[in-house]
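So the protein lines, in turn, are chains S and L.
Numbered according to my numbering, the first sequence spans residues 6 to 250.
Numbered according to my numbering, the second sequence spans residues 6 to 250.
Here are the simulated lysine-lysine pairs, DSSO-like style, with alpha carbons at most 30 Å apart:
#, chain 1, residue 1, chain 2, residue 2
1, L, 115, S, 121
2, S, 30, L, 121
3, L, 121, S, 115
4, L, 124, S, 121
5, L, 124, S, 34
Please keep in mind that the hints were generated in silico from the structure rather than gathered at the bench.
Source: prediction; values computed, not measured.
2 protein chains.
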Amino acid sequence: MAAIAEKEPVRKNYLLACLEGEEFKRVFKALEPVEFELGHVIYEAGDKMDYVYFPTTAIVSLLYIMEDGGTAEIGIIGNDGLLGVSLFLGGDSTSNRAIIQSAGMMCRMKPADLRKEFKLGGRFQDLLLRYTQALITQISQTAVCNRLHAVEEQLCRWLLLSHDRLDSDKLVMTHDLISNMLGVRREGITIAAQKLAARKLIKNTRGTIEVIDRQGLEDASCECYEIVNSEYNRLLGRGISRTFA
Amino acid sequence: MAAIAEKEPVRKNYLLACLEGEEFKRVFKALEPVEFELGHVIYEAGDKMDYVYFPTTAIVSLLYIMEDGGTAEIGIIGNDGLLGVSLFLGGDSTSNRAIIQSAGMMCRMKPADLRKEFKLGGRFQDLLLRYTQALITQISQTAVCNRLHAVEEQLCRWLLLSHDRLDSDKLVMTHDLISNMLGVRREGITIAAQKLAARKLIKNTRGTIEVIDRQGLEDASCECYEIVNSEYNRLLGRGISRTFA
DNA sequence: TCGTCTTTGTGCGTTAGCGCACATACGGTG
DNA sequence: CACCGTATGTGCGCTAACGCACAAAGACGA
Chain S
6 MAAIAEKEPV
16 RKNYLLACLE
26 GEEFKRVFKA
36 LEPVEFELGH
46 VIYEAGDKMD
56 YVYFPTTAIV
66 SLLYIMEDGG
76 TAEIGIIGND
86 GLLGVSLFLG
96 GDSTSNRAII
106 QSAGMMCRMK
116 PADLRKEFKL
126 GGRFQDLLLR
136 YTQALITQIS
146 QTAVCNRLHA
156 VEEQLCRWLL
166 LSHDRLDSDK
176 LVMTHDLISN
186 MLGVRREGIT
196 IAAQKLAARK
206 LIKNTRGTIE
216 VIDRQGLEDA
226 SCECYEIVNS
236 EYNRLLGRGI
246 SRTFA
Chain L
6 MAAIAEKEPV
16 RKNYLLACLE
26 GEEFKRVFKA
36 LEPVEFELGH
46 VIYEAGDKMD
56 YVYFPTTAIV
66 SLLYIMEDGG
76 TAEIGIIGND
86 GLLGVSLFLG
96 GDSTSNRAII
106 QSAGMMCRMK
116 PADLRKEFKL
126 GGRFQDLLLR
136 YTQALITQIS
146 QTAVCNRLHA
156 VEEQLCRWLL
166 LSHDRLDSDK
176 LVMTHDLISN
186 MLGVRREGIT
196 IAAQKLAARK
206 LIKNTRGTIE
216 VIDRQGLEDA
226 SCECYEIVNS
236 EYNRLLGRGI
246 SRTFA
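Start from the sequences, fold in the hints, and give me the full structure.
In structure tokens form, the structure reads like this:
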């Protein structure tokens, strides 16, 4: 594990951290760290993807853009996962945009290296597939949540998902950006954020939302957060060592 | 291909129809046809899955049930796909219910057989992974559609997706059931269906909706149908022969 | 043919969220 | 420190969809 010191941040990505021995060495050699700023677009809908990305400190938002300009987020990817499942699923592109929601680092890998390692069918493949299912759960829950829950509950869910993937309690994020993610009006977020602030769950300042009462936020959230979260743990937590072969 | 005659309907499933030679023979041997009635629950949220299912004439609906009893569909699976991606993704269960939306046949396969064949990394694996991406697209589009589009547009989308997976123009389906799928009020479906009937796009009788003007329905639908549809074609259409290795 | 159950139709009042139009306030820059 | 662009706060009227209550009309068996 001497090599880790060189590109230390690699281990901050959960999937990469699960690898060991020769497998880790091979993957590690193929990785390249890159830094991203808030708002940077990694790829647009329909773009052929050039890399798969393993976030270490950055957070990525998967955003759909409709014909009329309306937007809605379908998933959040942090250091618990990877961006670019299409590259091993076989599509090479998706119909959404991937955009940096929180500045930071990601490790990228070329599609050819990814596929080569994936084809070996070891732990790496297992992890990637399990993560894919976790992502499906997240997207599904977003779909249901969009239909059935109030904006305020959804804001809680969104804040929690982001907070989990962040070192800090401060989310650098305007109401306007959040409204794009949740697919609602900017004013709707302002109102909801005010209510949460009144209940001392968050602190609401210009361009930043600070999480004050994490537990309170969880209580105020719809069930969707917890479902997604526990499914991530089930799929990628402790028991991860077993491959399904 | 002599064996096909025995279990002829196998070829009605698109994924199975794409297999050839030895690979097809192995998969074919592991298949077992089963018939299902409308409303039958294949598995509940959290259930360990006993089989993977390849629909030939049946249609399956993936339904989320919330704590408060609210429901919403996240995807429709017909003879273009398979039920149980979790079995090769590694989760063995999902947090939704799979329910028969249209009576008919499916071919089922034991998880062990599925995984064994999947691990071989051939066309079968390629197809399953590509289908997974198509399913992700469908779920994503549902999420966005739930947020941004009107019930009437969504009803069109839903009718089209169902119609595509059906031999007949007649959908045996009550407004109440559809409302569960779309996560809206029953009355909302009644109103929307009336409007579509007034425009001569569908015929609305007790317990059945008949598609009259397919093209008209597509025009009345939101863009979501077309996006999902073309993504299915892109991922699983003609060019399917290339494996990504 | 009658009675019953299910499905569909209709009519309220209610509400969450929208769209628009501003007012205010923060915070970096010159 | 004054200025200005961006972010947030607030107040409308509007609309889609909700929740509820009940009427009408198919379907089907006795």
